[in-house]
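With the hints as constraints, model all of the structure from the sequences given.
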Amino acid sequence: MLATEKAGARPGNHATALLAEADRLMTVCNSCRYCEGLCAVFPAMEMRRAFPDGDLNYLANLCHGCGACYVDCQFSPPHEFDVNVPRVLAQVRNESYRAYVWPAACGPMFARNGLAISIVASLSVAAFILGFAAWHDASVIFGTHTGPGAFYRLMPHNAMAWLFGLVFLYAIVALAMGVRAFWRDIGDPVRLEPGALWQAMRDAGTLRYLDGGGIGCYNHDERPNDRRQFYHHMTFYGFALCFASTCVATLYHYGLSREAPYPWWDLPVVLGTVGGIGLIFGPLGLMIAKLRRDSVMVDEPRLGMDFAFLAMLFATSLTGLLLLVLRATPAMPLLLALHLGVVFALFLTMPYGKFVHGIYRFVALVRYAKEHKAFTGK
Amino acid sequence: MADLTKKYDVLVAGGGNAALCAAIAARRAGSSVLVCEMATKFYRGGNTRHTRNIRCAHDAATETLSGPYPEDEFFKDLLQVTQGHTDEVLARHMIAESKTVLDWLPQQGVRYQPSLGGTLSLGRTNSFFLGGGRSMLNALYLTAEDLGVEIAYDAEVVDLDIDNGMFLSATVQRGGERHVVRAATFVAACGGFESNIEWLKQYWGPAADNFLIRGTPHNRGTVLKMLLDRGVQETGDPTQCHAVAIDARAPKYDGGIITRLDCVVFGIVVNKHAQRFYDEGEEIWPKRYAIWGRLVAQQPDQIAYIIFDASSLKLFMPSLYPPIEAASIRELAGKLTLDPETLEATVNGFNAAVRPGTFDDTILDDCRTEGIAPPKSHWARRIETAPYYAYPVRPGITFTYLATKVNREARMLMSDGRLSANMFAAGEVMAGNVLGRGYAAGMGMTIGSVFGRIAGREAAANARN
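So the protein lines, in turn, are chains B and P. Positions 1 to 378 (the numbering used here) are the ones given, in order, by the first sequence. Positions 1 to 465 (the numbering used here) are the ones given, in order, by the second sequence.
Keep in mind that the hints are not guaranteed to be accurate.
Lysine to aspartate or glutamate pairs mimicking EDC-like chemistry, simulated, CA-CA at most 16 Å apart [stated by the list, open to error]:
| no. | chain 1 | residue 1 | chain 2 | residue 2 |
| --- | --- | --- | --- | --- |
| 1 | P | K41 | B | E46 |
| 2 | P | K41 | B | D221 |
| 3 | P | K314 | B | E80 |
| 4 | P | K252 | B | E80 |
| 5 | P | K41 | P | D154 |
Here chain B is said to cover these stretches of chain P; the calculated rule only asks that three of the stretch's residues, wherever they fall, bring their Cβ under 8 Å from a Cβ of chain B [what the hints assert, rightly or not]:
| no. | segment |
| --- | --- |
| 6 | 203-215 |
| 7 | 333-344 |
| 8 | 387-395 |
Derived from the structure by calculation, the hints contain no laboratory data. Note that the Cβ used here is the ideal one computed from N, Cα and C, for glycine as well.
This is the structure we're talking about:
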């Protein structure tokens, strides 16, 4: 059925039929409001009477997909009003990543994201292996290297720092351009408030709105639990620790002239190992949850994007940990190429995959904290 | 799947708030319990799916209630909305019990939240369910399942074997098969008959064909009728139902709360002949909310149109369907298939009668008409700013008042005045005992939870003996 034929549909200008459907749902929900206490989406909706595309993209990115509003809704399918907020907002959210991407020419990366990420990752790994092979002879590639500077016999530290510094910088610029487009579209030209930023950091850091209003997230049945929240924390904080590990190692190198590999008790290794373990089990747990999730709430054609990102995080961690364990064996050079290839691809594809969900969600949370304060004074 | 062949201590007909409270209370008292819900799992719970709050007495503010609501005040409110049509002993008992029900429901998994946006007037008296009525139901079902209550879906009670006021067995139809289910006691918690248009026609004639039913299509009154036919005493006015004016474009059944319209005060209401027929400014919410359903039901073809202009569009909560819009009153009449000349004359006549005043929709203000019949006593403002808007409205039936007579133990009374040996009732099927007419927000859930819990408790005690 077309959105315009269903209850709650209004004439309005929307870029896509999907956004028109999201408008219809918000119109239905705004005349009900029973879900007001479940998360931030519905209070944000209540501050509006009409839903232009920018607002819908904002609400979609504010939604954490806990599923509570679907399970609690008296009008969810098979009711003829066909109210399925988690799925429609997931679809709108996923389309919004493409709408705000920079440069726009990279939009098609989101069309078959799983395939695109796989290709980039394969090419990247192959490039590192070929690079190692081109610069060194077989005795280096299949040799055993130990002691300070062992990695840099395969790739000079400066080359590594430049290459990864550049790709990281590119990712930051591309993400910032996307955020700029998003921030403009959700209609908040006013300056940023530190209070709102701090509130959003707390809300994002605790996944406050992935708890179904206090009882947990609905996934595969009618019994909510905290598993997705738990595995997401493992993933997010695991990623943060790994990132911290890299930063500390860089400081060691340039500030203290201490070269990797570091002993197992040293900060970069401890941070990387703890974070790495989080990045092994977090993505695995999230993948299992995704496979089990009630398909009615899921944007199924785009699940490939979710799995691609989780697989990249998992592969980053797995190759990193293997490198740690096997760094004194002849397997090290190949593992190093593998690890660097995966990390390079991860950085390069950050603006073109599921990674952006965290960025846009955070921006949406900032916007919400701001308008919530303006609206309620709290 | 629930076993329909074994004998239970308590058989509960119905699957809403009252039924689940009865089932949980009976199970907690040690009984084996079977719940027969005629709907599928998705549509379980009848009208509870559409509810959002419960009215319970309490002596102090709580985390979600802004202040005390003493028993006496509750009773006074009940007397006011029913205009005295209540059973005082039963009503006072219900109100006293509601105080502990307020804490008992969260113990069964139900979650409250402060009153919703736009319902501040209920913030002190009514506890809102976090996530709404279906969320509340989901919690009760999970608790019932965890306790070991057997639940049969798609299982309708189609016959009752009652001998001289004593329940013997029920015939339950599930998936095309009939089972005779035996139980020591029976709890009827399966709603009124508002979804049974044929039955409504007995009192309303062909007009009932134009009624919209706001809730479940399953409240056909089958069990209520069987009980009355088998000697249970009736109470409550059989000819009356609670009706409000809702959007005429709503589906025949189950449109729920989002089809409501409460913008009568902002304009005028005309019938299909484009004539006004009642004072739109007579009463403040929620009283006016409850009278307009009946008023529209008395109009030809049971249809009416709320007409207002651009100045009022954003003064009320958005509703599901957009208003019908036109650049002029004549054009609006065309879209509504009303006679353009008559509608224009009606609007002009109204505008000419409006006296100057200070508009305030939260009080009975001084904006009124003079020299027209019927008058608009408050909130009268000229309809003169294009574009013009209209909502078509029809009577939306919420529930019926006809009930099985019960005592304080929720035990049914037989028509000769004796108590039934083992039959109890809770929820809408006995609401007419305390709610002889009218309605106040959240009271249906009070009746369901309070008498459900009593019925379960008493049925369990009865089954033990």
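* Which hints, by number, does the structure contradict? -> 1, 3, 6, 7 and 8
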